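Participant: As you go down the protein sequences, you meet chains A and B in turn. Each residue of the first sequence is one higher than the one before, starting from 1 at the first, in my numbering. Each residue of the second sequence is one higher than the one before, starting from 468 at the first, in my numbering.
Please keep in mind that the hints were generated in silico from the structure rather than gathered at the bench. You may find that some hints are simply not true.
[What the hints assert, rightly or not] Straight-line alpha carbon distances no greater than 27 Å define the calculated BS3-like cross-link-like pairs of lysine-lysine that follow:
1. K663/B <-> K265/A
2. K664/B <-> K305/A
3. K910/B <-> K431/A
4. K346/A <-> K689/B
5. K664/B <-> K624/B
6. K624/B <-> K318/A
7. K305/A <-> K269/A
8. K269/A <-> K346/A
9. K52/A <-> K944/B
10. K318/A <-> K625/B
11. K430/A <-> K449/A
12. K309/A <-> K624/B
13. K663/B <-> K264/A
14. K431/A <-> K444/A
15. K108/A <-> K197/A
16. K663/B <-> K310/A
17. K310/A <-> K622/B
18. K689/B <-> K430/A
19. K944/B <-> K910/B
20. K806/B <-> K794/B
21. K318/A <-> K689/B
22. K622/B <-> K305/A
23. K305/A <-> K470/B
24. K310/A <-> K625/B
25. K309/A <-> K663/B
26. K470/B <-> K664/B
27. K309/A <-> K622/B
28. K318/A <-> K470/B
29. K689/B <-> K310/A
[Stated by the list, open to error] The following residues of chain A were derived to be distant from chain B, with all beta-carbon distances above 10 Å:
30. L249
31. T359
32. L406
33. L433
34. V461
Predicted, not measured: the structure shown is a model, and the values here were computed from it. The C-beta atom is built at its ideal place from N, Cα and C for all residues, glycine as well.
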Amino acid sequence: MRNSRNRIENQAGYKVISRYFSHFIRHEKKYIIAIMILLFSVQMLSNLTADKPLFIGSESYYYLSLSEQGIHYNSLVNLISLIPPSLVFLIPLFIAIFSVLILFDLSKNLLDKETTFFFILFLILTPGFILSFVTLSSYASFLLLTLLGFFLISKQNKKLRYLSLLPFILAAFFDLFSALLLLVMQSIYLFNGRDKKDRLPFYAAITTAVLLIFNQLITKIPLLLGPFHRQEIFTSLFSDLGGLSGLGLFLIILSFVGFTDILKKGRFKLLYLLPLLIPAYFFNTDIIFFLAVITSLLAAFGFLKLFEKKWNLLSLKKFTIILLILGILFSTLAYMDRLPESQPLKEDKEVLSWIEENTPENSVVLSVPENTYLIKYFAKRSPVFIFDKGKNKEKAELSKNVFSSLYIQDLFPLLEANDVKFIYINRDMKKELPKDQGFIFLLKNERFKLIHSSGDSEVWVFENEKK
Amino acid sequence: MEKRAKKILLAIFVITVIVRLILAFSIPEFTYQSYFHLRQVENILETGAPLYHDDLSYGGRDLIFLPFFHYFMAFFSLFLPLGIAAKLIPNILVASLTITSYLIAKKITNDDTSSLLAALITGFLPILFSTNSFTVETLSLPLTFLIIYSFFRIKEKKYLYIYITSFLILSVTSSAAFLILIGFMIYLLLSYMEGKKINQSEIEVMIFSLFFFLWAQFIFFKNALLQEGLSFIWQNVPSGIISTYFPKVAISEALVLVSIIPFLAGIYVVYKSLFELKGQKSFLLISFVVSTTLLTWLRLIRFRLSLAFFGIILAILFASFYQELEKYYKKTKFSHLKKYTLPVIVTLLLISTIIPAISASLNQNVPTKEEVEAFKWIKENTPEKSNILATLDEGHLVAYYSQRRNIMDDQFILVDDVDERFNDLVSLFTTRFQTQGISLAGKYQINYFVLTPEAKEKHEITRLNYVTSQCFDLIYKNETKIYQIKCEIAETE
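Let's have the full structure, built from the sequences with the hints guiding it.
Facilitator: Set out below in structure tokens:
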């Protein structure tokens, strides 16, 4: 602390930050947690006042519907089963707060105070991370368990250290990719450990490796969970371009500055994860969550690099600091502003609940794959398509064929072959699918009848002539 | 600056202004796009704010644009009638490029004669001779070159403030400020590759500019970015006219518009500077040439803007060429002919710039007086809530003169199904089938069809093929014809 304060005072340019932020840095935990609670409360309150379901996106409803089926290998699902339903909405916030508190503790030995502060500040302001504390997310749970594991293993107390195996084991059961990521992190820890005689990191890594094989052969958990939303590689990366989560553009630019800095300083350890994360992002954009953590850290390095450096034009420096902070805040606020627009909306819940109450239990409901888990959770019915292209390529192809059909001669046989009786249409589908041709246009055919609607959400019935 | 050089520069500036103004006032109308900006300025004068929701464009829609230019012009319109201010101020602004070109060229060459030649070329660049154009570019181009000049002198406090002020204004005037940032990036890259050390203040200014530009664009275009995503930067231009906005570079056209002598000289200077590593300053200008070329190739900036930018830089680089030419002469046996160099070059420049410049001005794409009368007639003789069919270019005339709703104009951002609408608009002029024409008219609730000579030329038609007296009344008959639609397509029982 003393060293870092000296560092602040010794550098003329840094005085600007020192003046405005030394107070925040001194009380960092309080402020960071207060910001998280504020963001969480704003989101939850806006959902409550709009009478919307509390969680946005499909992923939460995937776990909620799984939790109704009993014990599962995914520890988040088990946690949901254990907690009273009225308190489930608090799980993401607690996961996020605990993760941040552990990050503070772990960073103590690895980073200086300012870097830690800006890293965690940027992280909690990043849409990729915000989404994780307003929804139920496996990757957020994985992060907490992994951090907890490293937190315990880094302690002096032997019992606590062995206790670290428990979160590590639980963390290996989300998907194969997470287990692999954990193994890489454990290997980095193992090879960089100061005490070469310490065998525990080795046992932890071996356990994860064994579990990885076990999961591949026995439990057959997927390589990557989801996807839970439409995969758009570029848009999902930038929250400012309308991605479901993503990263702010200012943060990305700062992370490039930080990246060049750590390349110069030779602090590569963190970058070992990137060859794993970047290709994985192309398979599933939900990986943005992990990229958000690394990008935030790099951005913190970049931010400090920019302002530790002595500037010739001091007034420009002050202005640039303000712009950077405003830019990052702008991405966050713009994201928070559009979160209430995310599905499911009040009318989705109403229409899906109507399906549950008014249709036979064995009905099959047709909708776009993005609505799979909403149908399962709210309507308690089987969707035609499951949003998992890896598992079921044929179904994914079928979905594409159904929603791009131009003629009833193409569409009707597909609906009949899949026993489709009910069709669920919502706002996003109406926005995405063309109106003057294709599926939405074909709904004008007499074999389709609108039987219930609320706002932009509708239920249509299809008369299957074969039956 | 020498007193004589000052006088000559002032003379070039004044002559440029006078020539431009004579041409501008000899043509009564403005270019088609100008009418959008005129409406914005008028609205600012009336309400204090631009029209961010326009009831007339596309039958009613939200608009999104950077407003500084409109406020700037509204300020002058407080003292002058808008019709005069809209011709006077843009032409003075564009003519002021002669001064910035001179200053930049002087900074590079430190030679008055060659810098004055650069000013002369800039003053009469044919691409800049759209004298009746009341568009954002008339402010953004002079600002861009003022920024470049102040960047050269960034170490001096006065120029630092000029740089910051100009950049702030440019960022809220035109997204073309992006061009400067890309130029800076290429400058950094080229300097890094050549092992050149960049001044610390320059880097600081670049960092500030990047973040300010991004921030300003986010503030203004947040919704457009969220709605259109990455395609926002291509401005949602319909694919049917993308080749008009971002055409493939036709060398012959480019040669005429940027003038052949500066073009060839500029290419020579770029080549020499890149491969023989001249001064840092021309290096920066070359970075802007590269960035302009790159952005034009990626279709990120409109062809005419890139050509204008390119032309001015080539004019400035001509100063380097002339300086080299003079040095070269001294080394040859023809050094006694040196005294003829300047008159010959000035004569050649005058021939190759002034004639195409005046021709460019006289051939500007402006509506004829008769066409304007027809649009004014609509205002007096049709119900207020009418929808009027006119070509894409004439869309702003419908809104400005007729004060009626158009079907389409060239403000494409935030428009849904822009391709479909554009194709329908073209079909309304070109289809041979009455059912299609009337059905499309019904789709857009069109009440009146305007067929101007410009529309006939644009769509290569002599008449609207499906117009018959059963379904259409000819209510205005001149060179321009206006039809009122009487039929509609209804579903049979």
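Participant: Hint by hint, note whether the structure agrees.
Facilitator: Hints and how they fare:
With a CA separation close to 22 Å, the supplied pair K663/B and K265/A stays within the 27 Å bound. A distance of roughly 19 Å separates the Cα atoms of K664/B and K305/A; the hinted pair therefore holds under the 27 Å criterion. About 19 Å separates the Cα atoms of K910/B and K431/A, which keeps this hinted pair within 27 Å; it holds. Distance check on the hinted pair: K346/A and K689/B sit about 26 Å apart at the alpha-carbon level, within 27 Å; holds.
Under the criterion of a C-alpha separation no larger than 27 Å, the hint pairing K664/B with K624/B is consistent with the structure, at around 21 Å. For the hint linking K624/B to K318/A, the alpha-carbon distance of about 16 Å falls within 27 Å, and the restraint holds. Pair hint K305/A plus K269/A holds up; C-alpha atoms about 19 Å apart against a cutoff of 27 Å. Proximity of K269/A to K346/A is assessed by CA-CA distance (about 46 Å); at most 27 Å being required, the pair is judged violated.
The suggested pairing of K52/A with K944/B is violated, with an alpha-carbon distance near 59 Å, which exceeds 27 Å. The hinted pair formed by K318/A and K625/B meets the criterion: a straight-line CA distance of about 18 Å does not exceed 27 Å. Taking the CA atoms of K430/A and K449/A, the gap is about 17 Å. The hint holds against a cut of 27 Å. At roughly 20 Å between alpha-carbon atoms, K309/A and K624/B fall within 27 Å of each other, so this suggested pair holds.
Restraint check for K663/B and K264/A: satisfied, since their Cα atoms lie roughly 19 Å apart, inside the 27 Å limit. A distance of roughly 17 Å separates the Cα atoms of K431/A and K444/A; the hinted pair therefore holds under the 27 Å criterion. For the hint pairing K108/A with K197/A, the CA-to-CA distance comes to about 24 Å; that is within 27 Å, so the pair holds. With a C-alpha separation of about 21 Å, the suggested pair K663/B and K310/A falls inside the 27 Å cut-off, and the hint holds.
For the given pair, K310/A sits about 16 Å from K622/B by alpha-carbon distance, which is consistent with the 27 Å threshold. For the given pair, K689/B sits about 23 Å from K430/A by alpha-carbon distance, which is consistent with the 27 Å threshold. With a CA separation close to 26 Å, the supplied pair K944/B and K910/B stays within the 27 Å bound. As the CA atoms of K806/B and K794/B are separated by approximately 13 Å, the hinted pair is consistent with the 27 Å bound.
Note on K318/A and K689/B: the hinted pairing holds, with a Cα-Cα distance of about 25 Å set against a maximum of 27 Å. Between the alpha carbons of K622/B and K305/A the distance comes to roughly 23 Å, so the proposed pair stays at or under 27 Å and holds. Straight-line distance between C-alpha atoms of K305/A and K470/B comes to about 48 Å, which puts the hinted pair past the 27 Å bound. With a CA separation close to 21 Å, the supplied pair K310/A and K625/B stays within the 27 Å bound.
Of the supplied pair hints, the one linking K309/A and K663/B holds, its CA atoms being roughly 20 Å apart against a limit of 27 Å. For the proposed pair K470/B and K664/B, the alpha carbon gap of about 35 Å is over 27 Å, so the pair is violated. Under the criterion of a C-alpha separation no larger than 27 Å, the hint pairing K309/A with K622/B is consistent with the structure, at around 18 Å. Taking the CA atoms of K318/A and K470/B, the gap is near 41 Å; set against the 27 Å cutoff, the hint is violated.
About 33 Å separates the Cα atoms of K689/B and K310/A, which puts this hinted pair outside 27 Å; it is violated. Not every C-beta of chain B lies more than 10 Å from that of L249/A, the closest at about 6 Å, which undercuts listing it as non-interface. No beta-carbon of chain B is positioned within 10 Å of the beta-carbon of T359/A; the least distance is around 33 Å. Against the 10 Å criterion, L406/A stays outside the reach of chain B, whose nearest CB is about 16 Å from its own CB.
In this structure L433/A is separated from chain B by more than 10 Å, as the shortest Cβ-Cβ distance comes to about 13 Å. Under the 10 Å C-beta cut-off, the non-interface status given to V461/A relative to chain B holds; the minimum distance is some 24 Å.
Hints 8, 9, 23, 26, 28, 29 and 30, counting from the list given before, are not met by this structure.
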